[in-house]
Amino acid sequence: MTTTEAPVARELTYVAAVGEAFGQLMREDPNVFICGEDVSLYGSVFGVTRGLLAEFGPERVVDTPISESGIMGLGLGAAATGLRPIVDIMFMDFMTVCMDEIVNQIAKMKYMFGGKAVLPLTIHTMAGAGSSMAAQHSQSLEAWFCHVPGLKVVMPSGPYEAKGLLVAAVRDDNPVMVINTKTLLGMRAEVPEALYEIPLGKANVVRPGTNFTIVAIGRMVSESLKAAETLAADGLDVEVIDPRTLQPFDTETVVASVRKTHRALIAHEAVRFGGIGAEFAAQIQEEAFDHLDAPVGRVGAPFSPVPFSPVLEKEYMPNADRIVSEVRRILGKQA
Amino acid sequence: MEISRETLLDMHRRMVRIRTFEEEAGKLMESGKVPGALHLYVGEEAVAAGVMTHLRDQDQITSTHRGHGHLVAKGGDLKKMYAELYGRVTGYCKGKGGSMHICDLDLGMLGANGIVGAGPVIAIGAAFSNRYRKTDNVTVCFFGDGASNEGTFHEAANMAALYKLPVVFVCENNGFGEFTRQERHQAVHDIADRAAGYGMPGVIVDGMDAIAVHEAAGEAIARARRGLGPTLLECKTYRYFDHVGVRGMGVIYRDDSEVLEWRKRDPIELMESRLAEQGILSADEAAAIRAGFLAEVREAIAFAEASPFPAPEALMEDIYTTAAG
Ligand SMILES: Cc1ncc(C[n+]2csc(CCOP(=O)(O)OP(=O)(O)O)c2C)c(N)n1
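Line order of the protein sequences matches chains G and F. For the first sequence, the residue numbers in our numbering are 1 to 335. For the second sequence, the residue numbers in our numbering are 1 to 325.
Since the hints were made in silico from the structure, they are not lab data. Hints are not guaranteed to be accurate.
[Stated by the list, open to error] Each computed BS3-like pair below joins lysine-lysine, with the alpha-carbon atoms no more than 27 Å apart: (1) G:K202 <-> G:K182; (2) G:K314 <-> F:K134; (3) G:K260 <-> G:K314; (4) F:K27 <-> G:K182; (5) G:K260 <-> G:K226; (6) F:K134 <-> G:K182; (7) G:K108 <-> G:K226; (8) F:K27 <-> G:K314; (9) F:K164 <-> F:K134; (10) F:K164 <-> F:K264; (11) G:K202 <-> G:K226; (12) G:K182 <-> G:K110.
[As the list claims (entries may be wrong)] Beta-carbon label-pair distances, calculated as ranges: (13) G:N104 <-> F:I319: 52 to 60 Å; (14) F:A187 <-> G:R207: 38 to 46 Å; (15) G:D321 <-> F:A187: 49 to 57 Å; (16) G:G47 <-> F:A187: 46 to 54 Å; (17) G:S325 <-> F:A187: 52 to 60 Å; (18) F:G199 <-> G:Y111: 35 to 43 Å; (19) F:E23 <-> G:P208: 38 to 46 Å; (20) F:A306 <-> G:A232: 43 to 51 Å; (21) G:H147 <-> F:F309: 48 to 56 Å.
[To be verified] To list a few chain G residues with every Cβ distance to chain F over 10 Å, as calculated: (22) N104; (23) K260; (24) P307.
Even glycine gets a Cβ: it sits at the ideal position worked out from N, Cα and C.
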């Protein structure tokens with residue numbers, strides 16, 4: 001929408017890309033404000049809102065009490081009455097505390113009211129394991145929210161996606177949940193300085209390939225790229241697709257890829273059972289059954305809460321190695 | 001209330017044991033020896049010590065993310081505690097929980113907690129069970145000023161008062177919820193004021209003074225044991241260190257002078273000087289207590305470091321209760 005003719009791209013960290021997007025969005029639209037725990041004076045525990053208070057003041061960068069229901073409800077009520085709020089829930093695990101507001105209210109208000117309500121609300125949060133934060137600070141719960149009609153869900157895989165998807169989320173007139181991954185926050189990549197949107201619902205072919213499709217989300221995108229390098233040595237030409245938006249899911253791009261490659265695997269960090277990969281796999285086999293040479297594979301975490309001990313957490317975390325062995329296993333199973 | 005010499009010394013010892021545990025734990029975190037995040041209790045010891053000296057093993061407590069002090073004061077095994085912080089199989093949670101989930105169910109310590117405001121509702125359940133099982137056990141719920149803004153606290157307070165449950169809500173008001181000062185997260189100054197809204201007594205006490213905490217907690221706990229219902233006890237205290245880790249000075253959300261002001265009323269020094277005045281504890285004896293706990297802590301750390309990590313297969317164990325346990 002507003003990508004400039006010759007966008008100036010510099011290397012930014014994920015954190016800086018998010019921070020820059022927040023600032024630009026607030027400059028663009030006076031109805032955009034951000035609220036959450038320690039987002040204002042402290043600049044967020046992850047540093048993503050640093051500097052916003054100085055520029056926009058406490059009316060637009062709002063520190064809240066530790067009251068997730070209240071924070072989410074504030075965003076909901078404000079969105080329903082003309083503002084464009086960004087609600088920050090520090091860790092995705094705390095989303096459980098405001099589930100009524102998200103699932104029963106925000107997601108359904110438009111429908112229940114016969115289409116009358118408009119909720120341009122962004123829910124911004126951090127997910128993922130990998131730093132010994134244990135069972136209540138490490139979860140990836142994206143599948144829950146993809147299951148609720150009325151919500152859109154995006155999951156950036158790097159700094160470029162973080163900024164572009166956040167911009168699209170905030171400008172969208174629907175509730176959109178932006179799920180960031182904590183272990184990606186230090187990642188650097190080229191990010192255009194101008195405001196740009198990554199369209200919601202459109203997948204990105206990160207690495208084109210001809211004979212295997214990996215659909216990966218969040219941190220698993222970079223892990224899949226590593227896996228693809230390893231598998232190249234086996235003579236496999238892997239295509240890696242990042243859906244970027246999980247809800248709505250870009251079935252078309254993924255299915256087109258599978259029609260070409262005939263094999264597919266889904267990778268996410270969330271628990272495999274009931275993970276979003278199950279839905280993706282179902283869509284692929286519904287739409288491309290005749291093109292498949294092997295069952296669609298899935299890599300995800302084992303069916304366990306996230307453990308604290310680094311030894312166990314390492315055992316828990318899906319990674320490039322697991323993708324490689326699962327791909328090899330699938331190839332061995334070919335009809 | 002006349003507090004016996006033994007109880008005074010007991011409180012003092014519990015405070016020193018916590019302080020020693022926490023200071024050493026902080027060093028381990030700073031040096032990268034223990035993974036994850038530690039929320040340390042240094043400065044707030046008088047609350048745990050003053051309350052816990054009334055409790056029996058069968059009395060339960062619910063704790064918070066800042067939970068080490070509660071477990072140490074309830075008689076926790078320092079070896080198992082450090083082993084847990086190190087993620088070793090000999091730890092309280094076999095390395096699965098870490099600092100934020102440290103617990104000892106045999107001691108009635110129902111767990112530190114990663115979710116702010118999780119404790120109050122758990123506490124009313126335990127208190128309900130105490131009465132249901134016809135015991136006179138009491139449940140004490142520790143929670144912060146920040147946690148008093150979660151809906152769960154208000155729901156629990158209402159239910160506890162309604163059902164006259166044997167529970168005591170102990171608010172550790174250290175002036176901050178993470179990096180936000182109390183006056184920026186709630187409009188009341190005294191959290192004890194909230195008790196009136198639920199029909200229970202609200203009491204304010206100097207949380208740096210273990211004796212004052214002990215006296216006030218004694219009344220509240222006795223009341224709960226007699227079946228007269230809950231009390232909200234607010235202890236005004238201070239966290240010396242940062243929200244996470246050991247850094248406490250030079251942070252952006254408070255002035256160093258404020259920290260130094262609170263440190264002048266250090267709960268342990270306060271107790272030491274009182275005990276000295278009363279001829280209960282000499283300077284040498286005080287030093288011996290500190291040295292004794294430092295030795296216990298060092299031994300516990302050595303135990304933790306010598307302990308094995310869990311086997312990778314342990315990842316999939318303890319998820320469900322089975323016939324085997
Ligand atoms: C439901 C929930 N929201 C937010 C957090 C993040 N968090 C952890 S500790 C903390 C501050 C808690 O403040 P308080 O209850 O006063 O306890 P203190 O840290 O001062 O001991 C916050 C916001 C969390 N762990 N859980």
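Okay, the hints, checked on the actual structure:
Simply put, G:K202 and G:K182 have alpha-carbon atoms about 23 Å apart, close enough for the 27 Å limit, and the pair holds. The straight-line distance between the Cα atoms of G:K314 and F:K134 is roughly 45 Å, outside the 27 Å bound, and the hint therefore fails. For the given pair, G:K260 sits about 34 Å from G:K314 by alpha-carbon distance, which is inconsistent with the 27 Å threshold. Restraint check for F:K27 and G:K182: satisfied, since their Cα atoms lie roughly 25 Å apart, inside the 27 Å limit.
Of the pairs offered as hints, the one joining G:K260 and G:K226 holds, with about 22 Å between alpha carbons and a cut-off of 27 Å not exceeded. For the proposed pair F:K134 and G:K182, the alpha carbon gap of about 47 Å is over 27 Å, so the pair is violated. The suggested pairing of G:K108 with G:K226 is violated, with an alpha-carbon distance near 40 Å, which exceeds 27 Å. Only pairs whose Cα atoms come within 27 Å are accepted, and F:K27 paired with G:K314 is accepted, the gap being roughly 25 Å.
Under the criterion of a C-alpha separation no larger than 27 Å, the hint pairing F:K164 with F:K134 is consistent with the structure, at around 14 Å. For the suggested pair F:K164 and F:K264, the alpha carbons sit about 39 Å apart, so the restraint of at most 27 Å is broken. Our distance criterion of 27 Å between C-alpha atoms is met by G:K202 and G:K226, whose separation comes to about 23 Å. A distance of roughly 32 Å separates the Cα atoms of G:K182 and G:K110; the hinted pair therefore is violated under the 27 Å criterion.
The beta-carbon spacing between G:N104 and F:I319, approximately 29 Å, falls outside the hinted interval of 52 to 60 Å. The beta-carbon spacing between F:A187 and G:R207, approximately 54 Å, falls outside the hinted interval of 38 to 46 Å. One distance hint, 49 to 57 Å for the beta-carbon pair G:D321 and F:A187, holds here, with the actual separation near 53 Å. Look at G:G47 against F:A187: about 29 Å separates their beta carbons, and that is not inside 46 to 54 Å.
With their beta carbons about 57 Å apart, G:S325 and F:A187 fall inside the hinted range of 52 to 60 Å. About 41 Å separates the C-beta atoms of F:G199 and G:Y111, a value consistent with the hinted range of 35 to 43 Å. Roughly 56 Å separates the CB atoms of F:E23 and G:P208, a value that falls outside the hinted 38 to 46 Å. For F:A306 and G:A232, the hinted distance range of 43 to 51 Å is satisfied, since their beta carbons lie about 44 Å from each other.
Take G:H147 and F:F309: their Cβ atoms lie about 36 Å apart, and the range 48 to 56 Å is violated. Remark: the non-interface label on G:N104 is consistent with the geometry, its nearest Cβ contact in chain F lying 15 Å away (cut-off 10 Å). The claim that G:K260 lies off the interface holds: its Cβ sits roughly 37 Å from the closest Cβ of chain F, which is beyond the 10 Å cut-off. Non-interface call for G:P307 relative to chain F: violated, since the shortest CB-CB distance, roughly 5 Å, does not exceed 10 Å.
When the structure is compared with the earlier hints, violations turn up for hints 2, 3, 6, 7, 10, 12, 13, 14, 16, 19, 21, 24 and for no others.
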